[in-house]
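Two chains, two frames, a set of hints: combine them into the complex.
Sequence lines, in order, name chains L and S.
Just so we're aligned, residue -2 is where the first sequence starts under the working numbering, counting upward by one.
Just so we're aligned, residue 9 is where the second sequence starts under the working numbering, counting upward by one.
Treat the hints as calculated values from the structure; they're not laboratory data.
Errors might be hidden in some of the hints.
Claimed, not checked - For lysine-lysine, the following DSS-like pairs were computed, each having C-alpha atoms within a straight-line distance of at most 25 Å:
#, chain 1, residue 1, chain 2, residue 2
1, S, K69, L, K63
2, L, K52, S, K108
3, L, K17, S, K108
4, S, K76, S, K108
5, S, K76, S, K116
6, L, K61, S, K108
7, L, K38, S, K116
8, L, K52, L, K17
9, L, K63, L, K11
10, L, K61, L, K17
11, L, K38, S, K108
12, L, K61, L, K11
13, L, K11, L, K52
14, L, K52, L, K63
15, L, K63, L, K38
16, S, K69, S, K116
No experiment lies behind these values; they were computed from the predicted model shown.
Listed below are the residues making up each chain.
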Amino acid sequence: GAVVSQHPSWVICKSGTSVKIECRSLDFQATTMFWYRQFPKQSLMLMATSNEGSKATYEQGVEKDKFLINHASLTLSTLTVTSAHPEDSSFYICSARDFKENYGYTFGSGTRLTVV
Amino acid sequence: AQSVTQPDIHITVSEGASLELRCNYSYGATPYLFWYVQSPGQGLQLLLKYFSGDTLVQGIKGFEAEFKRSQSSFNLRKPSVHWSDAAEYFCAVGGVRGQKVTFGIGTKLQVIP
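The shape of chain S in the complex, shown without the other chains (with noise of 0.2 Å):
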């Protein structure tokens, strides 16, 4: 069965500072990867997928992730943290051939001044 680990509930970063969010998968086969991000009350948007290609993937509001098969892995970076990018961003994993999408628990990211 398909799985995602986010192992940090909460983190809490400075304005201008560099972050990383975990994300660790199990899938029984190669992975389509997502990451969204959840403003307070709203849906989720689409930060950057991954399903083949270049392992290192760019996304929008100057987001990146990393898919790093041998680690299982799939850790979203961002080198400098605005404001605004304090959300709930959640990593998921599947999708394949309209399958259905496994999401983590979730990161909830606290930006202080």
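Isolated chain L (complex conformation) (with noise of 0.2 Å):
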């Protein structure tokens, strides 16, 4: 079935330093990825959709320029989360459509992000 990798699992970082997520499709071509944000204890808020050779689709209340979104191949999508604060502590998540499965969403194992 569909594998998507999402790399780092966890990260520590200062605060006001950057950290890149990577999210992989491993054996089909994602055209359209999604970035998730769960914050403790509740559900995953959508916080983008990334396209292939095009700028991403933030949802509303999402800032663009804080979450950097980059969507360079057919198998990856990278987050960055610029002049990282403690209160971007959170899992994120990303997830990719393989339409040869029919509608189903597979996701990436997370990123554990923790600023301090």
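This is how it looks when you write it as structure tokens:
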């Protein structure tokens, strides 16, 4: 079945630094990938839709200059948290859709970001 | 706007007992519906999905769900729960033609001996 690899699985960084999270579709091509953020004991909130070769579409309230998304190839999307602050600490998850799987979305294993 | 309601935030069942997790949705057209499971600190795994056809859907790990249009529901069931089923379960709607998926708040399942 479709596999999405997300890296790193956890990262700790200092306030003011930037962190890059990678999301790769391993055995299928994904023209669209999605980035979610999950706060403790809450559901997943869609942050943005990443489109290969074009600009990402951000959900209302998500700062596009804060959360930079690049989808340079059909198998890789990256999320960069710029000038991270403690309130950016969260669990970030990406997903992609393999059209051969008929509308099922495959999720990465997530990245636990802690900003200190 | 599409939305998902999972009325039970936390459920506790005994191992071997049956399980039903409730999910109600709001969607402007025929919905595409999903159930995902998340173990602590992990990503999400698709249990099953519905997009057309038979309203009773079979998934992995012995789970099934039934789509009831009249009740706008897509409840998840398992006849006999195992301790390894303890996790958080998310119902989701949407995804038609690549549109976004909206998740419910999740139901945390605890399994006791």
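Results for each hint:
1. K69/S <-> K63/L: violated, 39 Å
2. K52/L <-> K108/S: holds, 16 Å
3. K17/L <-> K108/S: Holds. K17/L to K108/S sits at ~23 Å (cutoff 25 Å).
4. K76/S <-> K108/S: The given pair, whose Cα atoms are some 22 Å apart, holds under the 25 Å limit.
5. K76/S <-> K116/S: holds, 23 Å
6. K61/L <-> K108/S: holds, 18 Å
7. K38/L <-> K116/S: holds, 9 Å
8. K52/L <-> K17/L: With a Cα-Cα distance of about 17 Å, the restraint between K52/L and K17/L holds, given a limit of 25 Å.
9. K63/L <-> K11/L: Holds, at roughly 16 Å.
10. K61/L <-> K17/L: With Cα atoms ~14 Å apart, K61/L and K17/L stay inside 25 Å; holds.
11. K38/L <-> K108/S: Given pair K38/L, K108/S holds - Cα atoms ~22 Å apart, limit 25 Å.
12. K61/L <-> K11/L: Given that 25 Å is the threshold and the Cα spacing comes to 21 Å, the pair holds.
13. K11/L <-> K52/L: Judged against 25 Å, a Cα distance of about 28 Å means the pair is violated.
14. K52/L <-> K63/L: holds, 15 Å
15. K63/L <-> K38/L: holds, 24 Å
16. K69/S <-> K116/S: Roughly 17 Å between the alpha carbons, so the hint for K69/S and K116/S holds.
Violated hints, listed in ascending order, are 1 and 13; each of the other numbered hints is respected by the structure.
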